[in-house]
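K.L.:
Numbering (our numbering), first residue to last: 1 to 487.
It should be emphasised that the hints constitute simulated quantities derived from the structure, not laboratory data. On a predicted model such as this, the values are computed, not experimentally measured, just so you know. Treat the hints with care, since some could be wrong.
[To be verified] In silico SDA-like cross-links for lysine to any residue, where the CA-CA straight-line distance does not exceed 20 Å:
1) Lys397 to Thr41
2) Lys403 to Val444
3) Lys397 to Gly460
4) Lys403 to His55
[As the list claims (entries may be wrong)] Using C-beta positions, here's what the derived DEER-type ranges look like:
5) Val335 to Pro215: 45 to 53 Å
6) Gly442 to Thr391: 43 to 51 Å
7) Gly461 to Arg377: 24 to 32 Å
8) Gly461 to Gly167: 43 to 51 Å
9) Asp153 to Gly427: 36 to 44 Å
10) Gly141 to Ala97: 22 to 30 Å
11) Ala218 to Ala457: 39 to 47 Å
Here a beta-carbon is modelled for each residue, glycine too, at the ideal position from N, C-alpha and C.
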Amino acid sequence: MGPVRSARRARAARTVALAASAGCALVLLAGSPASANVAVTRVSHDIYTDAQAQHNTEVEPDTFVSGSTIVSAFQVGRVFGGGASSIGWATSTDGGATWAHGYLPGITFNGGGTFGQASDASVAFDAKHNVWLISSLGLRGPTVDVLVSRSTDGGLTWGNPVIAGTGQNDKGWTVCDDTSTSPHFGNCYTEYDITNSGDTIRMRTSTNGGISWGPARAPGRRHAGLGGQPVVLPNGDVVVPYESLDGSIRSFRSTNGGRSWLSSVLVSRISHHEVAGRLREEPLPSAEVDAAGTIYVTWADCRFRAGCRSNDIVLSKSTSETTWAAPVRVPIDPVTSTADHFIPGIAVDRSTSGPSARIGLTYYYYPAASCTAATCRLDAGYISSVNGGSTWSAPAKLAGPMKLSWLPDTLLGRMFGDYISTSIPAGGRAYPILPIATAPRGSVFDLAMYVPDGGLAVTGGASAVTRKPRAVGTSPPHRPTVPKTLH
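Let's have the full structure, built from the sequences with the hints guiding it.
P.N.:
Below, the structure is given as structure tokens:
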């Protein structure tokens, strides 16, 4: 999301957009660009030269998996004022072994479109209509439209986008109902918020593979917020966790295929430590659902740290769609550690459920929370569970250390993404797509998208979650401010 949003909240990234529809075969470059425990391969890079952007940068990836196909989408060429030069994509049709990549057509000037910038990519698959979707935002002056690009050949080529919603919008996210026994099989749902209406949330529904989208519908009663991530349950109900502007994570749902949306319920209040170094970061939720319909939501929260001195990744679950368990702390390190954890991307193997649910969780962190823009060092990590999040493996370092000066700047701080993403093929290994930076070459950045070679094992372990929060002392709970309309 581009700059403008709430306190420290990067508003939805927008910027110049999409280039060629045909994918480029990718030469796999093995080896980690930053010191870590895991070898990674670059799957995309910034090819653009337009003067508005900070080039050789890619930020804010989403992923989705269906069968052996994994598709990711992200911003390419981050613009300081919001958005990016294009939306890029990377697709593997062999379970993560090899990747093709390219840039969406018809959005920004770079791809023959009419928008100045593009932002906020998310990926979905519609099994009924056999079509992959990438939703994004197109920025043209004050106008920010919700766009949906379609691929009918397994995510290898993409058409010009369909406009799903017009106005001044932010933080879109799309999902489809892929359960053949669901009464709403083949429905796709896109969520966004309206920035010039206090970030009130809207939902739209498509029943024809994203070719057209129905009217905008609002949840009942209060629903101002951002960063909603809708998930579809096996029974066809849709649940949308989001960050509310009242300083909480909330969720709302539809039980009738998107014809109406019920009032939101509380997931949890947020207690949040402001991340050091002017890094763009906000406690947006990352959500997934398992085969039985249990919903998993993670975000960055300081409630388990004395005095709210740093954040952990916390996890809340719901089996009822309307009530949520108290958040537990994912045991990445001791509560007495100096680390600060943020921007999680959770994956659940959707062929598993309940006490056997396989979970992979990727996140970024500072090993030392108390740092400055000059001294902060940014790492990426990963942890997994095979029992629904009750106990966890030892963490693995995936990338880092990275200096903050290696990241593009925005109105809300240095940025690698307001969100990240991880996917797990059925019975397989976890595949996050990671923005990883190395030192710039002169004035040119080197921030691209990488994947761990061969994926990451989902092994679980004996480290139990923490259930009892500590007092956060004098640190107030997180309260996003009402955002301005800067993109």
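K.L.:
Which hints from the list above does the structure break, by number from lowest to highest?
P.N.:
Violated hints: 9 and 10; rest satisfied.
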